[in-house]
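Listed here are the chains, written in short residue letters.
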Amino acid sequence: MEGKFFSRRDFLKTAGAAAAMAAIGDIPADLFASDVRMAKFPEKTDMILRTSRPPQLETPLHYFKQFITPNDAVFVRWHIANIPTTVDLMQWRLNVGGNTGKELHLSMDDLKKFERVTYTAVIQCAGNGRSFFEPRVAGGQWGNGAMGNVTWTGARLKDILAMADVKVGSVDVSFNGLDTPPLPKVPDLVKSLPVEKAMEDDIIVAYEMNGKPLTMLNGFPARLIVPGWYATYWVKCLSDIMVLQKPFEGFWVKTAYRIPDNPCGCVPPGATPTKSIPINRMTTRSLIIDPADKTKIKADRPVDIMGIAFSGGYGIRDVTVSLDGGKTWGEARLGEDKGKYSWVQWFYKWKPTKPGKYMLMARATNSIGESQPFEGLWNPAGYLWNKIEKTEVVIK
Amino acid sequence: MKKIVTLIMLVLAVTAGFVYAGNSDNVHSIKLPNITTDLKPGEGKESVDIYCIMCHSLDYITMQPNFSRAQWTVTVNKMIKTFGAPINDKDAKIIINYLATQYGTGK
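So the sequences go chain by chain: A and B.
Numbering of the first sequence is given in my numbering, commencing with residue 373 and proceeding in unit increments.
Numbering of the second sequence is given in my numbering, commencing with residue 6 and proceeding in unit increments.
Okay, chain B solo, but in the shape it has when bound (with noise of 0.2 Å):
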């Protein structure tokens, strides 16, 4: 019995083999670099780094021309309200205050 079981396990695992050796030419895969963008300190960075990565990375952020503070509000609020981003009142204001201090015009 043990022998019949180890037979049919070998013929399982060579025929897995085959078809996964038949597959391997048809999967195509990559693997993604993992890198990491720093923001600069101060206050209100947390809630920005807990927050705009849940959808994407921070260069989004350091990538963005200096804006005012109005326009980091618009864009701040399309993210919230046209991509769905789980962020509350409270959170934006923090989030939107370090955007134009940080990374404004500081007007």
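The shape of chain A in the complex, shown without the other chains (with noise of 0.2 Å):
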């Protein structure tokens, strides 16, 4: 599979899913825009293609259908160009040190002892959207499928912490994976949480995705998962956690992925925030996965409209759909309640009869209050994206 990519368009033409589309009325205008480009990767499926070198792959919407994301489905995202495309587990170890009472090396088969674990977690880029900021930000130009709904296996950071006996006196832990850096002043991609934070009983080192192993692309060995959490703490490949009697000071925390220090997270569009801190939870939201915006439908016909919330580990407590641009609003159905971290599945019913362009929009509100804006939220770096959605349908 060498070089293989393909406009979205060329898919189809192979695919025949446009005239299968056609013939039942139901035709997505997105499909036909022929500045996509697909790649297929190793143990992926064909994948919307942001940057190959290092790999970034978007998953197309349509797979948000399914309530747990399939794992060749799954968003890649890297930061720096020497990714692993090789472990042998015989040499891989999870090194755990610093300021512990004693340093740990541990195999696959001992990160396996340790208590089994598993929840499901949305996994999402901070950058999921970035591409929807006005004025336009720089940076990887995500739509809304650097996403996913994922189960995960794995043990207790907590667990593996407490063996290696984390001394008083520790305020923050890194995270390091096998990824190396193309030149030697490119910030190796470390990671670090507060030690509070790093105790916390839901973070896993997974070892599965969806049952499986996970993916090269997606981190095989294993990853930390921070459930709530934006992606960016999710270190792949991860072979080095350290425990540190000082704030970490690394790149990737000190001077990328922050947001402006304010409830909203938001500036003025265009405005440097004057305060920023790490970016941290996510925030609340809900997309209309079904129909897909610029569908076109024949009238007085059942339309079931579906989509998918989440939030940053509190859950969803309802979702309202508006058909007419906002103006009126009504609850949507709520899905099976797979936990706090997982997004959920809603259903709306709709029988439209007259003729004309309908604005479908969805907001979800979490079990705290934290619900979506009407207006994208503007930061510098392109982060949080949770504006309310508005899909444009037809009726014809």
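FYI, nobody ran anything at the bench for these hints, they're computed from the structure.
Heads up, a few of these hints could be off.
Said to hold, decoys possible - In the DMTMM-like style, the derived pairs of lysine to aspartate or glutamate whose C-alpha atoms are separated by at most 20 Å in a straight line are: (1) B:Lys83 x A:Glu621; (2) B:Lys36 x A:Asp418; (3) A:Lys485 x A:Asp531; (4) A:Lys670 x A:Asp696; (5) B:Lys83 x A:Asp560.
Both chains are given apart, each in its own frame, so use the hints to dock them into the complex.
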């Protein structure tokens, strides 16, 4: 599969999906955009190609009709070019040290001896939705597909840290993976968490996604899972955990991945924040998945509107749907509850009778009342995107 | 003597084969596809081709929205100052000019 990529138009020609969709009358217009490059990477399905080296691959939105995102469709985002392509489990160790009573060099077998913890959690890039910022900002130009809902299995970080015996006076814990910089001055991707965060029950070192070993591009053999927080902390191909007595000063925490230090994490468009903090918990989001934007639908046919909603670790209390651009709202039915870190699917029945253009909107609220803004909140790095999205549907 | 050497080599080969087979279950490997991106022709393209791909594929450029000259200047300077790209002032000017002209607003 060397160098295989193609536009979505080509993809549809081969798949014959356009003909099938036209036959039933629903034609999502974005399927005909020819500027989207698709690519096939190892252990991955055809994904939207944002960049190839290092790979940044976005999930086509139709995969989110599934409650659990299949492993081969989970988005991929690497930062520095030398990414691991071979891991020998006989050689790989998870090293734990620093301000600890002892050093650990855990093999995969060792890791699997810790209590096995499984839960479903949304994985989402901090920059998901960046391409919708206005004015536009530099960075990975993601649509809404830099996210997924995955069932993770692994060992509790706090159990691993307890075995290493974290000493008093520890401040931060840093996490490094097997990827390395292409030039000496490029900062290695190392992330950190405050020690009290690192000791929380729900953070795990995952060695399975959806019951299978991690794909290489999603972090084989193990990655950190910080449920509820953006995936920038979910270090892939994890190899080194260091307990630190001083605050972590690395580039990817001290300089990059920062948000304005205020309740909205936002500043007026174009402005520079006066004070910033490391990005952390995810904002509350919802998205209409079906029908897709710009779909044409025949009148007098029932339409099952379907979407997803999630928040940064506080579940979803309700989702309301508008069929008239936000004038009136009705409550959607929520699907199965897979816990506070998972997304929920929501459903809303609609039987359009009058032809015309309709603006569908969905708005989620989590269990502590956090919801979504009507206008996009802006910050210079393009993080925290959670504007109420609009889906235009034409009834004919 | 020759027979003994052959025998030893055979034993080594079998042992190595056994060890290798034991390890292969533990080795996870992928081969990344070789995907290239062609930039628009224009003055300075050669410099962009040479320097930018040291660290990243050129779709990092084509992915961006059309930025102003000032924004491309910020981005190129970030590559040099923050990420240590070995680009001198003369080449930096050439690269910024190319990006602002071919992938910019023209302002």
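Hint by hint, here is what the structure shows:
1. B:Lys83 x A:Glu621: It holds: about 19 Å lies between the C-alpha atoms, which stays within 20 Å.
2. B:Lys36 x A:Asp418: holds, 16 Å
3. A:Lys485 x A:Asp531: holds, 11 Å
4. A:Lys670 x A:Asp696: With a Cα-Cα distance of about 18 Å, the restraint between Lys670 of chain A and Asp696 of chain A holds, given a limit of 20 Å.
5. B:Lys83 x A:Asp560: holds, 16 Å
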